[in-house]
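The primary structure of each chain is shown beneath.
2 protein chains.
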Amino acid sequence: MTKKAVVLYSGGLDSTTCLAIARAEGFAPYALSFAYGQRHAVELAKARENAPRMGAIEHLVVDIDLRQIGGSALTAELAVPKGRKIDDSIPVTYVPARNTVFLSFALGWAEVLGAFDIFIGVNALDYSGYPDCRPEYIAAFENLANLATRAAVEKKGTYRLHTPLISLSKGEIIRTGLNLGVDYSHTLSCYDPTAEGLACGACDSCLLRLKGFREAGLQDPINYLPVAEKELEEK
Amino acid sequence: MTKKAVVLYSGGLDSTTCLAIARAEGFAPYALSFAYGQRHAVELAKARENAPRMGAIEHLVVDIDLRQIGGSALTAELAVPKGRKIDDSIPVTYVPARNTVFLSFALGWAEVLGAFDIFIGVNALDYSGYPDCRPEYIAAFENLANLATRAAVEKKGTYRLHTPLISLSKGEIIRTGLNLGVDYSHTLSCYDPTAEGLACGACDSCLLRLKGFREAGLQDPINYLPVAEKELEEK
Chain F
10 MTKKAVVLYS
20 GGLDSTTCLA
30 IARAEGFAPY
40 ALSFAYGQRH
50 AVELAKAREN
60 APRMGAIEHL
70 VVDIDLRQIG
80 GSALTAELAV
90 PKGRKIDDSI
100 PVTYVPARNT
110 VFLSFALGWA
120 EVLGAFDIFI
130 GVNALDYSGY
140 PDCRPEYIAA
150 FENLANLATR
160 AAVEKKGTYR
170 LHTPLISLSK
180 GEIIRTGLNL
190 GVDYSHTLSC
200 YDPTAEGLAC
210 GACDSCLLRL
220 KGFREAGLQD
230 PINYLPVAEK
240 ELEEK
Chain W
10 MTKKAVVLYS
20 GGLDSTTCLA
30 IARAEGFAPY
40 ALSFAYGQRH
50 AVELAKAREN
60 APRMGAIEHL
70 VVDIDLRQIG
80 GSALTAELAV
90 PKGRKIDDSI
100 PVTYVPARNT
110 VFLSFALGWA
120 EVLGAFDIFI
130 GVNALDYSGY
140 PDCRPEYIAA
150 FENLANLATR
160 AAVEKKGTYR
170 LHTPLISLSK
180 GEIIRTGLNL
190 GVDYSHTLSC
200 YDPTAEGLAC
210 GACDSCLLRL
220 KGFREAGLQD
230 PINYLPVAEK
240 ELEEK
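For the record, the sequence lines run as chains F and W.
According to this note's numbering, the first sequence is numbered sequentially starting from 10.
According to this note's numbering, the second sequence is numbered sequentially starting from 10.
Heads up, a few of these hints could be off.
[Stated by the list, open to error] In silico negatives: residues of chain W with every beta carbon more than 12 Å from chain F:
no. : residue
1   : Gly35
2   : Gly79
3   : Asn155
4   : Ala160
5   : Thr167
[What the hints assert, rightly or not] Mimicking DSSO-like on lysine-lysine, the simulated pairs with C-alpha atoms at most 30 Å apart in a straight line are:
no. : chain 1 : residue 1 : chain 2 : residue 2
6   : W       : Lys91     : F       : Lys165
7   : W       : Lys164    : F       : Lys91
8   : W       : Lys12     : W       : Lys91
9   : F       : Lys164    : F       : Lys13
10  : F       : Lys220    : F       : Lys12
11  : W       : Lys164    : W       : Lys12
12  : W       : Lys91     : F       : Lys164
13  : F       : Lys12     : F       : Lys164
14  : W       : Lys165    : F       : Lys91
15  : W       : Lys13     : W       : Lys220
16  : F       : Lys12     : F       : Lys91
17  : W       : Lys12     : W       : Lys165
Keep in mind that the hints were calculated from the coordinates and are not lab data.
Ideal Cβ placement from N, Cα and C applies to all residues, glycine included.
Full structure from sequences and hints, please.
Here it is in structure tokens:
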């Protein structure tokens, strides 16, 4: 029987590649998304559309309103910074404890499904400065998972967190995905897209994505706001 | 300035005592509850009523529907067992990854509030068999918290999980609470109360609570279903 895996899946470039890798490694992927009050809800619509195309056995979208807690430009009434120099500092798009919340739900769902493998597309290289994307954080959650659950305590298996993108550059992620047949025209990464799903081309997430395509020597197949396209040409 | 603490607060006996302890230790308590699709939503109504009375500075109720994930008698369409012999086995009322989900939100809210202290009323003695109530689990979460967050990475403080009830018997918990002025008539612990808020007297939670009051040589001030009262008298 194919082993099940829960894959954290936002519909963006990284998590879509991660889903393709889980499948290529022989897992039956169960995609998990969150409606967490993010500005970029259009990303979620893309995720829903693309999950079956990517071979997800099931796609669960859990409602959790992180706006109730506040504290981030992705959920609160703060402006998403544009054209920021991406360095080691933690940006205002940081959502407090986001990956911890996401992984907690992934763990709960994995336990219900009888899965012991969880994929998360974090990246420690082009990582935009989030503390909960680092290897030491992932190791700590894996340790927690094996203490937190009935399935682990009853020795039915050992939870493993898979982070296949953790040491790849954006360019390498894109090349990996293309080799696995990912069609990136169905993914959206922008933190602040238009209602029609046009990417802004200037937030951290767009800048990293565009840098990735440049590194891979390719053109990003998605549409950007015309003004962003123009600026990109000038660079 | 008084230090803030986030207190996980269900409105039941344990978490209400925990809130009283946080206050007695000099913290400004921020109470956090969850509407997680539990059968015992009447507990939440009691929690809302009682939080200001207990001195909570704020009471946040976060909506998270754990029913979407399933797998527990507390959230799914399974029957809550009655009159069960309470032993070391993990009961069907176990909610997958529940405390991990709850603590993740507590951590996120703590970070937004600038708090570094989180209180959780877990109990390893009369604990009803949940793996995520054990000291080694709590230690693993504390370790995770200090890797997961911007506040910790930027060395603004160190997260500490407080588990003041962890080694107390139910009788000791009740005596501690009474010494701190807790009025237990405003708390409800039952997993399966009536719509009017009458406790069943037969689920694990009721059995542990009633045992606690017996140990403390006291009468539980809340109302039980008449049939339960009768059985109790016969015991």
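Hints, verified against the model:
1. Gly35: Nearest chain F Cβ is 24 Å from Gly35(W), so the label holds.
2. Gly79: Violated, since 5 Å does not exceed 12 Å.
3. Asn155: violated (9 Å)
4. Ala160: violated (8 Å)
5. Thr167: holds (14 Å)
6. Lys91(W) - Lys165(F): Holds - the C-alpha atoms of Lys165(F) and Lys91(W) are around 27 Å apart, at most 30 Å.
7. Lys164(W) - Lys91(F): holds (27 Å)
8. Lys12(W) - Lys91(W): violated (42 Å)
9. Lys164(F) - Lys13(F): With a Cα-Cα distance of about 17 Å, the restraint between Lys164(F) and Lys13(F) holds, given a limit of 30 Å.
10. Lys220(F) - Lys12(F): Violated, at about 35 Å.
11. Lys164(W) - Lys12(W): With a Cα-Cα distance of about 17 Å, the restraint between Lys164(W) and Lys12(W) holds, given a limit of 30 Å.
12. Lys91(W) - Lys164(F): Holds. Lys91(W) to Lys164(F) sits at ~27 Å (cutoff 30 Å).
13. Lys12(F) - Lys164(F): Status holds; Cα separation ~17 Å.
14. Lys165(W) - Lys91(F): Given that 30 Å is the threshold and the Cα spacing comes to 27 Å, the pair holds.
15. Lys13(W) - Lys220(W): violated (33 Å)
16. Lys12(F) - Lys91(F): The given pair, whose Cα atoms are some 42 Å apart, is violated under the 30 Å limit.
17. Lys12(W) - Lys165(W): The hint holds at about 14 Å.
Of the numbered hints given earlier, the model fails hints 2, 3, 4, 8, 10, 15 and 16; all others are met.
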